[in-house]
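These protein sequences, in sequence, are chains H and U.
One point on numbering: in our numbering, the residue at position 161 of the first sequence is 161, and numbering is uninterrupted.
One point on numbering: in our numbering, the residue at position 160 of the second sequence is 160, and numbering is uninterrupted.
By construction, these hints were calculated from the structure, which means they are not laboratory data.
A quick note: this is a predicted structure, and the numbers were derived from the prediction, not measured.
Even glycine gets a Cβ: it sits at the ideal position worked out from N, Cα and C.
Heads up, a few of these hints could be off.
To spell it out: a stretch of chain U is covered by chain H in this simulated footprint if at least three of its residues, at any positions, have a beta carbon under 8 Å from a beta carbon of chain H; those stretches are [said to hold, decoys possible]:
# : stretch
1 : 215-225
2 : 255-269
Simulated restraints on C-beta separations [claimed, not checked]:
#  : chain 1 : residue 1 : chain 2 : residue 2 : range
3  : U       : A86       : H       : R49       : 21 to 31 Å
4  : H       : L222      : U       : F154      : 31 to 41 Å
5  : H       : E112      : U       : E305      : 37 to 47 Å
6  : U       : G267      : H       : R49       : 42 to 52 Å
7  : U       : A67       : H       : R257      : 39 to 49 Å
8  : U       : R49       : H       : K252      : 29 to 39 Å
9  : U       : D174      : H       : L222      : 50 to 60 Å
10 : U       : K245      : H       : E112      : 55 to 65 Å
11 : U       : E156      : H       : E251      : 26 to 36 Å
12 : H       : K176      : U       : K245      : 50 to 60 Å
13 : U       : P289      : H       : K285      : 11 to 21 Å
Protein chains: 2
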Amino acid sequence: MKDDPSVAIVGAGAVGSYYGAKLARAGVDVRFLFRSSFAAVRDNGLTVRQKEGDDFHLDAKAYQDAAEIGTVDLVIIALKTTANDAMVEMVRPLVGEDTLILTLQNGIGNVETLTAAFGKEQVLGGLCFVCINRIEPHIIENYLAGSVVVAEAFGEPQERTRQVAELFTRAGVDCKVAPSLAEALWKKLCWNVPFNGLAIAAGGVPTDVIMQSPELKRLARLLMDEVVDAASRIGVTIPNYFLEKQFSVTEKMGAYRPSSMIDYCEGRAVEVESIWGEALRQGQKAGAPMLRLEALYLLIKHLCEKKS
Amino acid sequence: MKDDPSVAIVGAGAVGSYYGAKLARAGVDVRFLFRSSFAAVRDNGLTVRQKEGDDFHLDAKAYQDAAEIGTVDLVIIALKTTANDAMVEMVRPLVGEDTLILTLQNGIGNVETLTAAFGKEQVLGGLCFVCINRIEPHIIENYLAGSVVVAEAFGEPQERTRQVAELFTRAGVDCKVAPSLAEALWKKLCWNVPFNGLAIAAGGVPTDVIMQSPELKRLARLLMDEVVDAASRIGVTIPNYFLEKQFSVTEKMGAYRPSSMIDYCEGRAVEVESIWGEALRQGQKAGAPMLRLEALYLLIKHLCEKKS
């Protein structure tokens with residue numbers, strides 16, 4: 001990748017707008033592809049408010065049409081996975097022969113969709129551990145600086161993986177290279193599958209309700225064990241202390257509202273397939289029964305479709 | 001059993017009051033053990049309104065204390081299974097050496113509790129397929145004549161099984177002797193586990209919501225398959241056409257509200273253990289994994305405890 005790459009942000013919601021704005025402020029040529037919030041950003045630019053101070057405003061380069069942006073060196077995808085059916089066609093005009101595509105989307109299955117269309121050579125994956133909200137179409141609030149992890153879609157980190165991480169670091173984002181994307185994603189699923197899932201299934205409750213219910217806490221652990229079993233069949237080993245830690249960390253989070261539960265309660269589309277659906281499919285394909293997850297997935301899918 | 005037995009009704013809610021009243025009207029010596037509705041029945045007697053007409057009033061023999069009733073020839077238990085912890089002590093004063101005990105309670109595990117206390121020789125089990133509501137403490141409404149099935153707790157029907165059935169028949173109740181209580185109970189679980197269960201888990205919905213949701217309908221069938229697997233390991237064979245029939249019958253029921261779902265929605269105790277808990281425990285003990293049921297059970301148990 002070039003030292004001074006052009007970047008396109010696809011799916012410029014809270015996460016995409018936030019990282020795009022930070023990169024742009026650091027001098028990177030960032031072009032934002034907006035859908036519903038295009039006009040608001042074109043007229044007002046992007047405002048970023050950060051918990052640790054250092055608020056800033058950016059005259060963001062806002063686009064509505066990927067063809068107008070043209071090919072770039074790096075595409076960063078932060079699209080909600082419920083829009084994944086349209087993702088490949090949305091991204092295609094941005095992708096040239098040497099374009100790297102980095103998906104920071106939730107859950108699993110995203111790099112598979114992208115590599116099927118663009119080949120393994122051009123795709124990277126990443127995860128964000130962060131807390132960001134878009135309070136107006138052009139105003140982003142960040143509550144936790146957090147961190148980003150980037151990795152090759154498949155296989156070990158390369159020089160370009162480190163270059164992408166370096167780009168984030170230059171923009172003031174804590175960014176690390178992960179040795180295995182699958183490991184990072186399945187570890188995140190260890191929390192998201194049970195806690196986002198039961199928060200919805202129990203009627204839209206915060207995580208302290210799960211932690212205080214002997215039944216839900218036990219079910220959370222059983223679901224986590226199913227994720228670990230599936231991961232191990234896919235080649236990812238997740239140690240027991242990591243699971244224990246998920247519970248001790250969640251205990252301290254109090255009445256935390258997982259993002260999927262908020263989406264559910266507010267009637268927005270929930271990323272059911274990229275979290276529960278794909279975990280189930282990939283796990284079962286690898287020979288893990290995942291029957292408790294199957295029950296949870298079918299129930300959540302019904303609940304979320306009924307509501308949205 | 002004597003031709004003209006004395007009968008005690010334990011747990012005189014809707015079902016117990018209804019059958020007790022019909023037996024008493026037919027000339028049987030029936031003594032009702034009431035809890036909360038004792039005073040209302042003592043002062044007003046029992047009124048039974050039947051869908052098919054033939055309403056009647058009974059000066060019921062109402063008691064508050066089983067010791068006052070003393071031993072009888074036949075104890076009929078229609079107690080809600082959520083009160084099973086207290087059942088044996090409640091019944092004990094009624095049971096002599098030759099007393100038969102017939103439980104008409106929901107779900108499974110009830111004959112096991114009774115035989116552990118009183119021995120296999122004295123216990124029979126039964127099922128009611130009926131629709132009855134208690135609209136006042138002393139007024140019972142019957143919407144569907146339905147039928148009763150009686151069977152030995154364990155093993156094949158005996159002369160006394162037929163005598164008990166004959167008693168119901170004499171009172172105008174359609175009553176059959178079942179060759180196997182376990183078979184009758186597990187067949188009923190094929191419907192109750194998925195449909196009562198998902199009606200609660202999906203937030204308190206009628207059965208048409210389950211039938212119209214591809215996800216819930218699929219989960220209902222998967223749960224039913226788990227019940228069938230458990231039953232087969234216990235020695236009960238449930239044929240596939242029986243399962244298909246559960247769906248075609250439910251299809252015709254429209255927006256039916258299962259009794260457990262009504263209990264759940266109205267904040268009353270739900271018979272979680274005798275339906276889902278005991279099915280899970282007996283199934284797992286017989287080597288059936290029942291992992292989807294486990295997930296459903298843990299979720300329902302949380303939901304019902306939270307509410308009640």
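Original post:
Tell me, which hint numbers fail for this structure?
Top reply: 2, 3, 7, 8, 9, 10 and 11
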